[in-house]
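Novice: Spelled out from the first residue to the last, the chains are:
There are 2 protein chains.
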Amino acid sequence: MQQIIQCVPNFSEGRDLDKIEKIVSEFRGKDGVKLLDYSNDPDHNRLVVTLVGEKEALKSVILKAVGVAIELIDLTKHEGQHPRMGAVDVIPFIPIKDVTMEACIELSKEVAQALYETYKLPSFLYEKSARNSERENLAKLRKGQFEGMSEKIKDEAFSPDFGTEIHPTAGIVAVGARMPLVAFNVNLNTADVEIANKIAKNVRHLSGGLRYCKAIGIEMEDRGITQVSMNMTDFTKTPLYRAFELIKIEAKRYGVSVVGSEVIGLVPMDALIGTAEYYLGIEDFSYDQVLEKRIME
Amino acid sequence: MQQIIQCVPNFSEGRDLDKIEKIVSEFRGKDGVKLLDYSNDPDHNRLVVTLVGEKEALKSVILKAVGVAIELIDLTKHEGQHPRMGAVDVIPFIPIKDVTMEACIELSKEVAQALYETYKLPSFLYEKSARNSERENLAKLRKGQFEGMSEKIKDEAFSPDFGTEIHPTAGIVAVGARMPLVAFNVNLNTADVEIANKIAKNVRHLSGGLRYCKAIGIEMEDRGITQVSMNMTDFTKTPLYRAFELIKIEAKRYGVSVVGSEVIGLVPMDALIGTAEYYLGIEDFSYDQVLEKRIME
Numbered sequence: 000m001q002q003i004i005q006c007v008p009n010f011s012e013g014r015d016l017d018k019i020e021k022i023v024s025e026f027r028g029k030d031g032v033k034l035l036d037y038s039n040d041p042d043h044n045r046l047v048v049t050l051v052g053e054k055e056a057l058k059s060v061i062l063k064a065v066g067v068a069i070e071l072i073d074l075t076k077h078e079g080q081h082p083r084m085g086a087v088d089v090i091p092f093i094p095i096k097d098v099t100m101e102a103c104i105e106l107s108k109e110v111a112q113a114l115y116e117t118y119k120l121p122s123f124l125y126e127k128s129a130r131n132s133e134r135e136n137l138a139k140l141r142k143g144q145f146e147g148m149s150e151k152i153k154d155e156a157f158s159p160d161f162g163t164e165i166h167p168t169a170g171i172v173a174v175g176a177r178m179p180l181v182a183f184n185v186n187l188n189t190a191d192v193e194i195a196n197k198i199a200k201n202v203r204h205l206s207g208g209l210r211y212c213k214a215i216g217i218e219m220e221d222r223g224i225t226q227v228s229m230n231m232t233d234f235t236k237t238p239l240y241r242a243f244e245l246i247k248i249e250a251k252r253y254g255v256s257v258v259g260s261e262v263i264g265l266v267p268m269d270a271l272i273g274t275a276e277y278y279l280g281i282e283d284f285s286y287d288q289v290l291e292k293r294i295m296e
Numbered sequence: 000m001q002q003i004i005q006c007v008p009n010f011s012e013g014r015d016l017d018k019i020e021k022i023v024s025e026f027r028g029k030d031g032v033k034l035l036d037y038s039n040d041p042d043h044n045r046l047v048v049t050l051v052g053e054k055e056a057l058k059s060v061i062l063k064a065v066g067v068a069i070e071l072i073d074l075t076k077h078e079g080q081h082p083r084m085g086a087v088d089v090i091p092f093i094p095i096k097d098v099t100m101e102a103c104i105e106l107s108k109e110v111a112q113a114l115y116e117t118y119k120l121p122s123f124l125y126e127k128s129a130r131n132s133e134r135e136n137l138a139k140l141r142k143g144q145f146e147g148m149s150e151k152i153k154d155e156a157f158s159p160d161f162g163t164e165i166h167p168t169a170g171i172v173a174v175g176a177r178m179p180l181v182a183f184n185v186n187l188n189t190a191d192v193e194i195a196n197k198i199a200k201n202v203r204h205l206s207g208g209l210r211y212c213k214a215i216g217i218e219m220e221d222r223g224i225t226q227v228s229m230n231m232t233d234f235t236k237t238p239l240y241r242a243f244e245l246i247k248i249e250a251k252r253y254g255v256s257v258v259g260s261e262v263i264g265l266v267p268m269d270a271l272i273g274t275a276e277y278y279l280g281i282e283d284f285s286y287d288q289v290l291e292k293r294i295m296e
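Order-wise, the sequence lines are chains A and B. First residue of the first sequence: 0, per numbering that gives the first Met the number 0; consecutive thereafter. First residue of the second sequence: 0, per numbering that gives the first Met the number 0; consecutive thereafter.
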């Protein structure tokens with residue numbers, strides 16, 4: 000693969016293993032596409048698939064898999080803890096290698112258009128593909144969920160980018176381009192979740208912290224400690240080390256220490272290499288010096 | 000490529016671009032092998048080629064390229080700053096992905112044997128392939144160079160592993176398996192190379208420092224600073240951060256600070272990911288979480 004785009008479609012089926020297999024099998028053994036991972040959660044009643052591929056190949060497998068999902072999933076009968084608005088809830092495209100964000104935005108629009116033309120499935124363009132900043136945030140678009148969507152889209156601010164009516168059983172899907180997310184959690188040696196929450200507030204964008212950082216405080220009861228749980232939404236601009244060092248600084252005022260961290264799920268190697276570059280103070284480092292990058296070329 | 004082995008053959012020709020091209024072209028466009036880099040130095044009169052590939056494919060291209068080098072290079076007429084003992088001076092094999100050191104040792108022996116059988120080219124097995132610890136070090140084997148080699152190998156301690164006589168024009172080659180080297184230099188805010196040398200002595204294996212670290216102090220005249228210039232010979236056991244932090248500690252006693260570092264040439268991503276893991280204190284990190292590792296699988 001010359002160009003690599005990641006795609007992480009979320010399907011609203013986390014319980015019926017037969018249906019899950021039918022959806023996932025659409026991503027297996029296809030030219031130009033590689034299935035990296037999938038996981039289904041019965042409580043959330045949701046399936047998250049991670050794949051990488053080239054533009055045209057991704058477009059083609061996504062189109063087919065959504066067709067299968069529309070046949071198998073009926074949102075009028077769907078329940079689960081995770082908010083959802085469609086049989087296919089969200090389809091993000093993420094630039095990984097030798098591909099621009101613009102190309103991913105273009106791809107997201109082509110896919111959204113094809114989904115409407117093929118299945119009459121309406122869509123919101125979200126994140127970098129959104130038509131304005133009010134429509135970037137997935138949670139905001141999804142609020143009201145499947146059940147409230149027919150009413151919600153009457154408001155022009157929430158009119159679909161493709162389609163005018165909600166699909167009767169498959170709802171509506173958010174399609175868009177975004178940067179890779181890194182789920183990065185920093186552990187604190189305090190059991191007091193209030194302190195973790197205060198630190199989270201200090202580092203996150205929403206309340207005055209770092210531009211590309213979302214954060215909440217959470218308890219880790221089994222270990223008697225707490226955690227600042229973060230989503231780093233653009234590690235190329237807000238790198239991991241900056242959040243980590245800032246948490247250490249904020250923790251100090253509460254007499255609390257950082258005792259470790261964790262990275263959940265997949266992480267692009269550049270996020271970690273950038274961290275090494277910072278701490279070792281490496282001058283004039285080129286990512287082309289990384290052996291595996293050269294092998295992948 | 001499932002299995003990836005790196006190979007960095009050094010040829011004793013750094014001046015004649017026509018000959019260099021003939022050697023390098025043996026590595027281009029071959030199935031199962033990828034030419035990553037090559038550079039020739041006229042002062043050293045030496046060509047360093049970096050390639051990766053699968054076992055059998057590497058064996059086959061190396062065998063052919065050495066044949067070409069033997070035809071083109073006559074060591075009786077060779078001069079240059081870099082010590083050398085053969086038309087092909089050294090052929091190291093380095094495990095990169097899904098391959099053991101043992102497999103690389105085996106490969107080095109097969110290649111050495113084939114070189115003798117095909118071209119009557121004798122060889123020393125060095126590094127991890129050496130028959131005893133006295134024969135691991137390349138510099139030690141090469142001492143006396145091409146001109147002194149016929150005499151030197153009469154000493155049983157330096158008898159070739161394959162062959163009994165030096166090739167009249169192509170000399171002898173060292174073949175072996177080794178870990179990837181990382182060339183890692185740490186800059187100091189002092190112009191006094193004596194201090195850099197003292198620190199180098201403190202951190203290097205030879206004089207009481209870290210097991211897999213070679214180090215010397217050098218001047219960087221244009222910047223008015225000095226450098227601890229290191230070869231990290233096994234970053235999986237002596238990681239980069241350990242040398243870096245130790246240099247900071249040793250520098251303190253001279254009132255000197257570390258002002259940066261540099262990585263020269265190619266570096267395996269694990270060396271940098273391990274560094275990030277240390278500084279962020281990431282718990283339970285699996286290298287399978289690195290997106291690019293999954294893509295390469």
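Rather than coming from a laboratory, the hints here were simulated on the basis of the structure. Hints should not be assumed to be uniformly reliable.
Same chains, same label: a pair holds when it works inside one copy or across any pair of copies.
In the DSS-like style, the derived pairs of lysine-lysine whose C-alpha atoms are separated by at most 25 Å in a straight line are [what the hints assert, rightly or not]: (1) Lys-96 with Lys-292; (2) Lys-96 with Lys-251; (3) Lys-29 with Lys-63; (4) Lys-96 with Lys-200; (5) Lys-29 with Lys-292; (6) Lys-96 with Lys-33; (7) Lys-292 with Lys-33; (8) Lys-247 with Lys-119; (9) Lys-197 with Lys-54.
Novice: For which of the previously enumerated hints does the structure constitute a violation, in increasing order of number?
Specialist: 2, 4, 8, 9
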